[in-house]
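K.L.:
Below, each chain spelled out in residue letters.
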Amino acid sequence: MKGITFNLRTLLALTALAALAAFSLYGYRPANADHEIVGSPSDDRIKVKAAIETLYFEESVRQADLIAEVTIAEKLYEVNEPSPKTVYSAAMNQLLKGKADANLGIRIMQQGNSRYSFNDNPMFQAGDTYLLFLKKAVGMEDDHTYWILGEETSIYEQWDDDRLVKWSLKDSRLAELTPTETNAGLQAAAESVQKKHPGKEIQVLDRTKFKATIAKELKRS
Amino acid sequence: MRKHAFILVLTLALLICAVPYGSSAHPPLTTCKEGGEMYGYWVDCGNHQADGAFTWNTSIPNSVAAVDYPYRAAMTSGAARWNNTGITSISLSTVSSNNGNIYTYSDPNTSALALFHDYGSDASGHLTKWKIKFNKSKLDNKDASFKAALAAHELGHAIGLNDLYLSGNTDKLMYGYFGETLGTRAAAPTDKDKLGAVEATRH
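So the protein sequences, as listed, match chains A and B.
Residues in the first sequence are numbered consecutively from 1, following the numbering used here.
Residues in the second sequence are numbered consecutively from 1, following the numbering used here.
Extracted from the complex, chain B is given alone in its bound form (with noise of 0.2 Å):
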């Protein structure tokens, strides 16, 4: 019976050691696929969308005479060139939440250009909350086009994708330097940026 009764824990202690070590907070059959800077692009796979579908909200007006209506207007320009791609379907929300904040700070002590922050999610690794903010001290005087990218970018995070830094990737939209123009950088989504958007909104 002292027998049965060991080999009973030790059978418990081997089911507890088992089970999810190293695994995400997805079903197995569904495993995040990271991918990395090899692949060109990265999925946080602890924070990411559902699925394409999501929202964004502000409370910078709908008026070209204000201030900071070319940050809307980047946040608009920069959704259209996500859904253009068929993967996603990004929308202003007229209802304001925590979930998809846009707004503007201004910091003139520092070279970050925009922000992806106060982010978080369930226990599936969905984003329930998350907030982009663009720094206009360093980007009032940039042009539209520079804007639009860099909110395509900061969208590229909403989905679920991490920047991307080694030199092999200078080209992705995800590639998280910018120069004082663009360059040669892409202003919206590659193949590869798309995979990882895939891949990111899958489960």
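One chain only, chain A, in its complex shape (with noise of 0.2 Å):
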């Protein structure tokens, strides 16, 4: 028994040993460490990265086909080929650019889908609103499908009545559309928006302010 007795605590003392080498060896951070986490852990869907070409503001005021306030309805289908794709259905509540018919609604195409995320980009949720920079897809059976010029970089998200957020892509040139207020309410709001957006510069402007800034810049050209 006391030979037991021995051997046991000789393996308490070595499983001692090993779990403490163990935790200097990996559970040890230095506070200095060039270790950044970024991205969104909890999102399994196999990455995408995609290379993506934007436009300057007022170019991309110029190429849309339609600039619309949407709110989506509900996501109708994906597809992996040619590239993944969500096509979801949209209610038009504000048309700023084009020609398209409020009653049928509109179909958009956003990038990414169940199965791949694309740039690590949130997908659309029925009840959303969002003001779209759009171009009318080809090749398609309907008429009434768009896709989003500049992807993320062309996304602005109705955040409250007051503001939007565009989900990627400062635009200097839109810098005097940014609230100037500040409160604690508004930077804690701002830090949960950016949660989504992991990496991505996002940027917040006043919504009427930017409806007529587009306004103008459609005049102008």
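Derived by calculation from the structure, the hints in this document are not laboratory data.
Every residue gets a Cβ at the ideal spot worked out from N, C-alpha and C, and that includes glycine.
Where hints are given, some of them may not hold.
For the chain B half of the interface with chain A, some residues (derived, Cβ under 7 Å), not all of them [claimed, not checked]:
1. Val-95
2. Thr-110
3. Ala-112
No more than 27 Å apart at the CA atoms, straight line, and that leaves these computed lysine-lysine pairs for DSS-like [unchecked claim]:
4. B:Lys-192 - A:Lys-195
5. A:Lys-170 - B:Lys-192
6. A:Lys-195 - A:Lys-136
So the derived label-pair ranges between C-beta atoms look like this [stated by the list, open to error]:
7. B:Thr-181 - A:Asn-103: 21 to 31 Å
8. A:Gln-125 - B:Tyr-103: 30 to 40 Å
9. B:Thr-181 - A:Asp-161: 32 to 42 Å
10. A:Asn-103 - B:Ser-124: 50 to 60 Å
11. B:Ser-93 - A:Leu-104: 47 to 57 Å
Dock chain to chain to rebuild the complex, using the hints, since each chain is given by itself in its own frame.
P.N.:
Pasting the structure below:
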């Protein structure tokens, strides 16, 4: 019995030593380690890294077939080829450029689907409201499907009644449209929005002023 | 005896908890340093090359008469821009495989110029398969220098670098957004891109 106790003690000591060694090798991270956690760990979809062609604001206004504030109604279908996309039906709240039958609604293609994430962008959800710069899709069976010019760099999500959030690529031309008021609540809300767009540079814009700027640009061009 | 058994179980639990929370697939002495936007490079520690020597292959014929030849030429040029840094040795392989396959597609309904996708890695985070797709609908009208810069950017992903998106990184090769022209963006690896490549290929 004494021998067994001795062996057990030895085993305990060795196990404790192993635990200590493992902790010091793997578990410890120095405070200044170059380890920055970026990205969304909860998203287990296959990632696609896409190089996107972007446009200046003025060029987006000029090239868009439709500029509209829409509310996503439902997801219609997904495709994987030629590249992963999801098509949604959307109700048109306000049309700023182009012609479309508001009663018919429109269909919007977003890159990415339930299998593939696209540049880590979140997917649209039913009930979300966006101001989008859209191009009419070619080769479709219907004539009211549109794709998003500049993808995440040209998606303006309605944050509240007064503000929009541009998902990525801060546009210095729109700097004067950024709301100036700051408070703790607003700051916390902005951080919450930023978490949805890891690694991206979001831009908060005054909704009314942005629409007025689009109208002004349309008149100018 | 019961007390000893309890201590043993507790110690084992500590052992399980202490080992590798948050650790990458790399041995402790070669921990992958991701960097990040603030560093001017961002390593994908879960998907990178084991070292600087790797290959790509394509079914695009090696003939200037071939419709997609400009994309093959762009890849050759893009690889040369990385190889000129001395960090990589990226070469064309005649053996077709999933590891480093280059091809084209046509999608007019998007702003995506090229995709780095269908990639996978082993337990050490070393890429075992990857594909680059060039979107002909968006690129056929771009000149050779634009295509070569884009190919170099895509090869940056194959090395193990992520896209950069912040306005402070618009001058890097790995900046993820392209204008209608190259403008002031880098067409070849900058010093920061090189730092990232060294980090990505050192373990």
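K.L.:
Each hint: holds or not?
P.N.:
Status of the hints after comparison with the structure:
At its closest, the beta carbon of Val-95 (chain B) sits 25 Å from a beta carbon of chain A; the interface hint therefore is violated under the 7 Å criterion. The interface hint given for Thr-110 (chain B) holds, since its Cβ lies 6 Å from the closest Cβ of chain A, which is under the 7 Å cut-off. Below 7 Å, beta-carbon pairs count as interface contacts, and Ala-112 (chain B) has one with chain A at about 4 Å; its hint therefore holds. With a C-alpha separation of about 26 Å, the suggested pair Lys-192 (chain B) and Lys-195 (chain A) falls inside the 27 Å cut-off, and the hint holds.
A threshold of 27 Å between alpha carbons decides the hint, and for Lys-170 (chain A) with Lys-192 (chain B) the separation of about 22 Å falls inside it, so the pair holds. For a cut-off of 27 Å, the pair hint linking Lys-195 (chain A) to Lys-136 (chain A) is broken: about 31 Å separates their Cα positions. In this structure, Thr-181 (chain B) and Asn-103 (chain A) break the distance hint of 21 to 31 Å, their C-beta atoms being roughly 41 Å apart. Range check, Gln-125 (chain A) to Tyr-103 (chain B): about 33 Å between beta-carbon atoms, so the 30 to 40 Å window is met.
Distance hint for Thr-181 (chain B) and Asp-161 (chain A): a CB-CB separation of about 39 Å, consistent with the stated range 32 to 42 Å. For Asn-103 (chain A) paired with Ser-124 (chain B), a C-beta distance near 57 Å keeps the hint of 50 to 60 Å intact. A hinted range of 47 to 57 Å for the beta carbons of Ser-93 (chain B) and Leu-104 (chain A) is consistent with their spacing of about 52 Å.
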